[in-house]
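So the sequences go chain by chain: F and Y.
Using the numbering used here, the first residue of the first sequence is number 17, and each one after it goes up by one.
Using the numbering used here, the first residue of the second sequence is number -8, and each one after it goes up by one.
If you're looking for bench data, these hints aren't it; they were derived computationally from the structure.
Predicted model only: the values in this text are computed from it and were never measured.
C-beta atoms are modelled at their ideal positions from N, C-alpha and C, and glycine is treated no differently.
One or more hints might be untrue.
Straight line, CA to CA, 27 angstroms or less: simulated DSS-like cross-link-like pairs of lysine-lysine [unchecked claim]:
| no. | chain 1 | residue 1 | chain 2 | residue 2 |
| --- | --- | --- | --- | --- |
| 1 | Y | 242 | F | 174 |
| 2 | F | 222 | F | 50 |
| 3 | F | 174 | Y | 193 |
| 4 | Y | 99 | Y | 242 |
| 5 | Y | 54 | F | 62 |
| 6 | F | 222 | F | 62 |
| 7 | F | 174 | F | 62 |
| 8 | Y | 194 | Y | 233 |
| 9 | Y | 194 | Y | 99 |
Footprint (simulated), chain Y over chain F, 3 or more residues, beta carbon under 8 angstroms [as the list claims (entries may be wrong)]:
| no. | region |
| --- | --- |
| 10 | 46 to 58 |
| 11 | 73 to 80 |
| 12 | 161 to 175 |
| 13 | 187 to 200 |
A short, non-exhaustive set of chain F residues, derived as facing chain Y with CB atoms under 7 angstroms [to be verified]:
| no. | residue |
| --- | --- |
| 14 | 83 |
| 15 | 86 |
| 16 | 114 |
| 17 | 119 |
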Amino acid sequence: MDLLADLADGVINGNDQRVAEITKQMIDQGTAPKAILDDGLIAGMKVVVERFRVQDIFLPDVLLAARAMYAGTELLRPLLIKEGIPSIGKVVIGSVQGDLHDIGKNLVGIMLKGAGFDVIDLGNNVAPERMVQAAQEQGATVIGMSALLTTTMPAMRKVVEMLHQEGLDDRIKTIVGGAPVSDDFARDIGADAHGFDAASAVDRVKLLMNVS
Amino acid sequence: MAVNIARCEAMARVRWCSYFRKHPYATPRGPVIQKVQFTATEVAPDRDAVLEHQGIPVGTSVKDHIEELYQQAVELLAETISPAGIMCDISAEDFAGVYEGDGRNDGKTPVGDMFARADHLALFVVTLGERTCSEITERFAANDFAIACMLDAAASIAADQLAETIEGRFGQELADRGWTPDHGGVLRYSPGYCGWHISGQKKLFEFLDPGKIGVTLRDSFLMEPLKSVSGVIIAGPREIHKFPINFGFCKQCKTRSCRQRLRALYAS
Chain F
17 MDLLADLADG VINGNDQRVA EITKQMIDQG TAPKAILDDG LIAGMKVVVE RFRVQDIFLP
77 DVLLAARAMY AGTELLRPLL IKEGIPSIGK VVIGSVQGDL HDIGKNLVGI MLKGAGFDVI
137 DLGNNVAPER MVQAAQEQGA TVIGMSALLT TTMPAMRKVV EMLHQEGLDD RIKTIVGGAP
197 VSDDFARDIG ADAHGFDAAS AVDRVKLLMN VS
Chain Y
-8 MAVNIARCEA MARVRWCSYF RKHPYATPRG PVIQKVQFTA TEVAPDRDAV LEHQGIPVGT
52 SVKDHIEELY QQAVELLAET ISPAGIMCDI SAEDFAGVYE GDGRNDGKTP VGDMFARADH
112 LALFVVTLGE RTCSEITERF AANDFAIACM LDAAASIAAD QLAETIEGRF GQELADRGWT
172 PDHGGVLRYS PGYCGWHISG QKKLFEFLDP GKIGVTLRDS FLMEPLKSVS GVIIAGPREI
232 HKFPINFGFC KQCKTRSCRQ RLRALYAS
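Same shape as in the complex, but just chain Y:
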């Protein structure tokens, strides 16, 4: 059978053009990975969230010494963090491979159900850097337990806040590219949650190479520095983010944060 080279090239150009329209940061060599910088305001952790992390219910009137601990922790955090992020668009085809990982996911999962229905996907990793973790360790070693714990809480909240910020940045980029659905939803999901096995980190790291921002992965799939968050950002009709909480893995979940995020999505 004679091969029509010209026709093949023309078809390839059509496919690439279609791909580029959807992924303007892509190149023939693959997706462009963006490094992302953050301002101090974007990293400042929410006070109520930090105190709640310490077991203090929201709305509790705290004594001066706890307020001082919180302020001290926030100051230490600002002195020690080096926030950074990395993100890239990914096609549903490519993400299928990342998501499948080592084949250890639960059979049916929210992310497994929703990514094929998304309009856009992006992988991301954000980190606060190593110095904050070292500071926490040093404070514990010095018997400065209260400030160590408060700093740890502040850093955990700040890391989540970074992830939320990069999620927002992706949403804004999509809007700038002309993605303005009536009821769109942009939410992130991470390996290790909701049935997406934590070994999914491996393929995510292979695709994204977060080593560029100093984040590495251990054999146990633990990220270093510890205060790092990774995942996929899924943008599409907001309905795709709705899922029931009657999966088997939901029984072990202690936070049910998926409900809170969905409520916020619909409220916005």
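Bound conformation, chain F alone:
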């Protein structure tokens, strides 16, 4: 029985109980945590995201799959930390200062984790200084910012400017998103990327970090 294939299927079908069972079984059998993560859980999410892109399945299915994947990653987390296995990249995300909308930001966070990124979610109404500080403290190389009000978008410019003033903009890249945010706006403020939806945000982050 190919447990990795079963694990991936569990993710694809959104079966969190099955995913937890198989993950535990594989851990008990001594399977390498990285293999369980990459070849089981992330492999399953990749299929889900691809099917979502072509509209074979819809957002609720992606979210059920993500929940199933988390059931496995929660069991793997202490082992990955113990073995010092890094994620493919660290991203700090947050809704900008003055903005409490966070559904879009949450979806981006879910899909980034599903792709294997380590995500530090600062929540909503996050001051620019806090975003930059968190990225430095956590060793993140991307800051993802979300805004749903035109009145809160200027905070995105502040983050970009702060990174530039502190000489961090080569090391820490920025991606912006949200309903009123456009490619033109992103270019105007000097952001490195714009994600028009959660799936494209993940693609852009991968490009920014040079990961496949």
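Starting from the known structure of chain F, arrange chain Y on it as the hints suggest.
Quick look at chain Y alone, frame taken from chain F:
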């Protein structure tokens, strides 16, 4: 110049009478603000609209588990909402001040063009209350993403539905007052859309005081609770609601819901 006090008072009475005929809920101290209650049916979100909000095209045959998610979200919504509304008539003169706000509107806008041609205007705010938003946050924190998102979609649709209901209530009130034009149209418009800068919320809130129903405004002009809708209801000949979609701000609009609402207005 001698002032004829009696004549001034008589003129004032004429003006007030004319005002009261048009605004029966007004008093010499100002417009009367009505709190509005809603039934559960009025708040129940349309299924197709909720699923479409989740990216599922209308008419798609959905699998059982998605249908179950939708049902669960609707049940949670019913358990957590406390729908409320507040509304008051406003004169075109007063609305001009509200609409002008901080002077940040686009130069030419649909609302700017139409309100002076309206027969009646009313400001409104509706809300689903705070508990639903808290429930959504808690579900996300518990990794219950699918139900959190579905509930968020259901709440967003329900909030819009509340706004549509209060728009209908105003239309009905006007009809009860004797406003029955051959081809009248009653539609709502909100700050933050169609060139009406979102800072317009500030004057709207100062006039209406939605704090009475638990809705407050942040410095960023964000309403709390999040699932709240505010705006002006404009009643007049339906032609006044017609406007082209070639304004500069139309390029950023992703919904073009103005077209759908206009079609519905003419269909009715």
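Quick rundown of the hints versus the structure:
The straight-line distance between the Cα atoms of residue 242 of chain Y and residue 174 of chain F is roughly 26 angstroms, inside the 27 angstroms bound, and the hint therefore holds. Restraint check: the Cα-Cα separation between residue 222 of chain F and residue 50 of chain F comes to about 19 angstroms, which is no more than 27 angstroms; the hinted pair holds. Simply put, residue 174 of chain F and residue 193 of chain Y have alpha-carbon atoms about 25 angstroms apart, close enough for the 27 angstroms limit, and the pair holds. Distance check on the hinted pair: residue 99 of chain Y and residue 242 of chain Y sit about 15 angstroms apart at the alpha-carbon level, within 27 angstroms; holds.
Annotation: proposed proximity of residue 54 of chain Y to residue 62 of chain F holds, straight-line Cα distance about 21 angstroms (limit 27 angstroms). In summary, the hint linking residue 222 of chain F to residue 62 of chain F is supported, as the alpha carbons are separated by about 14 angstroms, within the 27 angstroms threshold. Distance hint between residue 174 of chain F and residue 62 of chain F is unfulfilled; the C-alpha atoms sit about 34 angstroms from each other, more than 27 angstroms. Between residue 194 of chain Y and residue 233 of chain Y the alpha-carbon distance is near 26 angstroms, which keeps this suggested pair within the 27 angstroms criterion.
This hinted pair checks out: residue 194 of chain Y and residue 99 of chain Y have alpha carbons roughly 19 angstroms apart, not beyond 27 angstroms. Here's how the region 46 to 58 of chain F fares: 0 of its residues keep a CB closer than 8 angstroms to some CB of chain Y, so the rule of at least three is not met and the hint is violated. Restraint check on the region 73 to 80 of chain F versus chain Y: 6 residues with Cβ-Cβ distances below 8 angstroms, three needed, restraint holds. Under the rule that three or more residues need a Cβ within less than 8 angstroms of chain Y, the assignment of the region 161 to 175 of chain F holds, with 4 such residues.
Against chain Y, the region 187 to 200 of chain F contributes 3 residues with a C-beta closer than 8 angstroms to a partner C-beta. That satisfies the three-residue criterion, and the hint holds. Hint status for residue 83 of chain F: holds, given a least beta-carbon distance of 5 angstroms to chain Y, under 7 angstroms. Interface restraint check for residue 86 of chain F: the shortest CB-CB distance to chain Y comes to about 5 angstroms, inside 7 angstroms, so the restraint holds. Given the 7 angstroms rule on beta carbons, the hint for residue 114 of chain F holds: about 3 angstroms separates it from the nearest Cβ of chain Y.
This hint holds: residue 119 of chain F has a C-beta 5 angstroms from the nearest C-beta of chain Y, less than the 7 angstroms allowed.
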